[in-house]
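Novice: Residues per chain, in single letters:
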Amino acid sequence: AQTVTQSQPEMSVQEAETVTLSCTYDTSESNYYLFWYKQPPSRQMILVIRQEAYKQQNATENRFSVNFQKAAKSFSLKISDSQLGDTAMYFCAFMGPGAGSYQLTFGKGTKLSVIP
Amino acid sequence: DTGVSQDPRHKITKRGQNVTFRCDPISEHNRLYWYRQTLGQGPEFLTYFQNEAQLEKSRLLSDRFSAERPKGSFSTLEIQRTEQGDSAMYLCASSSPGLGNEQFFGPGTRLTVL
Numbered sequence: 001a002q003t004v005t006q007s008q009p010e011m012s013v014q015e016a017e018t019v020t021l022s023c024t025y026d027t028s029e030s031n032y033y034l035f036w037y038k039q040p041p042s043r044q045m046i047l048v049i050r051q052e053a054y055k056q057q058n059a060t061e062n063r064f065s066v067n068f069q070k071a072a073k074s075f076s077l078k079i080s081d082s083q084l085g086d087t088a089m090y091f092c093a094f095m096g097p098g099a100g101s102y103q104l105t106f107g108k109g110t111k112l113s114v115i116p
Numbered sequence: 001d002t003g004v005s006q007d008p009r010h011k012i013t014k015r016g017q018n019v020t021f022r023c024d025p026i027s028e029h030n031r032l033y034w035y036r037q038t039l040g041q042g043p044e045f046l047t048y049f050q051n052e053a054q055l056e057k058s059r060l061l062s063d064r065f066s067a068e069r070p071k072g073s074f075s076t077l078e079i080q081r082t083e084q085g086d087s088a089m090y091l092c093a094s095s096s097p098g099l100g101n102e103q104f105f106g107p108g109t110r111l112t113v114l
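First to last, the sequence lines map onto chains A and B. With our numbering applied, the first sequence corresponds to residues 1 to 116, in that order. With our numbering applied, the second sequence corresponds to residues 1 to 114, in that order.
These aren't lab readings, by the way, just hints derived from the structure by calculation. These numbers were taken from a predicted model, which means no experiment stands behind them. Every residue, glycine too, gets a C-beta built ideally from N, C-alpha and C. Accuracy of the hints is not assured; some may be wrong.
Now the in silico label distances, taken between C-beta atoms and shown as ranges [unchecked claim]:
1. B/D7 / A/Q57: 24 to 32 Å
2. B/D63 / A/P9: 42 to 50 Å
3. A/Q14 / B/D63: 47 to 55 Å
4. B/E28 / A/L84: 30 to 38 Å
5. B/P70 / A/A71: 31 to 39 Å
6. A/I115 / B/S73: 42 to 50 Å
7. A/Q56 / B/Q41: 41 to 49 Å
8. B/L114 / A/T18: 40 to 48 Å
9. B/P70 / A/T5: 37 to 45 Å
10. A/R63 / B/F74: 21 to 29 Å
11. B/T20 / A/E15: 29 to 37 Å
12. B/P70 / A/I115: 42 to 50 Å
13. B/Q80 / A/S80: 46 to 54 Å
14. A/L84 / B/Q41: 35 to 43 Å
Take these sequences, add in the hints, and give me the full structure.
Specialist: Structure (structure tokens):
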């Protein structure tokens, strides 16, 4: 079974600064997807960024980028120019469709607070 | 289409009662998922439908839980003989094969069992 570990329960960052959230995972599969989801307080979960394991290039979406290290099974999220609206729980998630499973396995999350 | 919707948003029930939640996915999505999220934790997978077929069930889904997706459209999740440990947020998500496996989540149903 896959496991996802987020070792930082809480983090804070000053507005306009850069912050990196860590995620490690364990799997024996070679074909899989990794995701970062954002869950703002009392609001629904939305996708921030995705990475296909077969792609060596790190994914980027505007101020959000990842550092995907497949051999180390590491998938960190970097948020540049942090904004107050970035305050949320961030969940790292794994999907292994290569095994025919489309379920997401989530980490426990990192609570990010952006300080004005 | 405004996204995945869930009803009710909140449900308070007494231990031993049955409850049923509804999820309406994004209309063109053929895959539908149920997750459970307890306080301070990430969502945990419960079950998955492709069209009307229930293809995966987690060990978390005890025999008191049942899910259906008649006609491959909306889905219901029923919990029989609720227990205090069932108190959680129940999340529904949907996806389509052509969208990079992104799952779109609904707002959730928060269940409180007294």
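Novice: Of the hints given before, which are not true for this structure?
Specialist: 1, 2, 5, 7, 10, 11, 14
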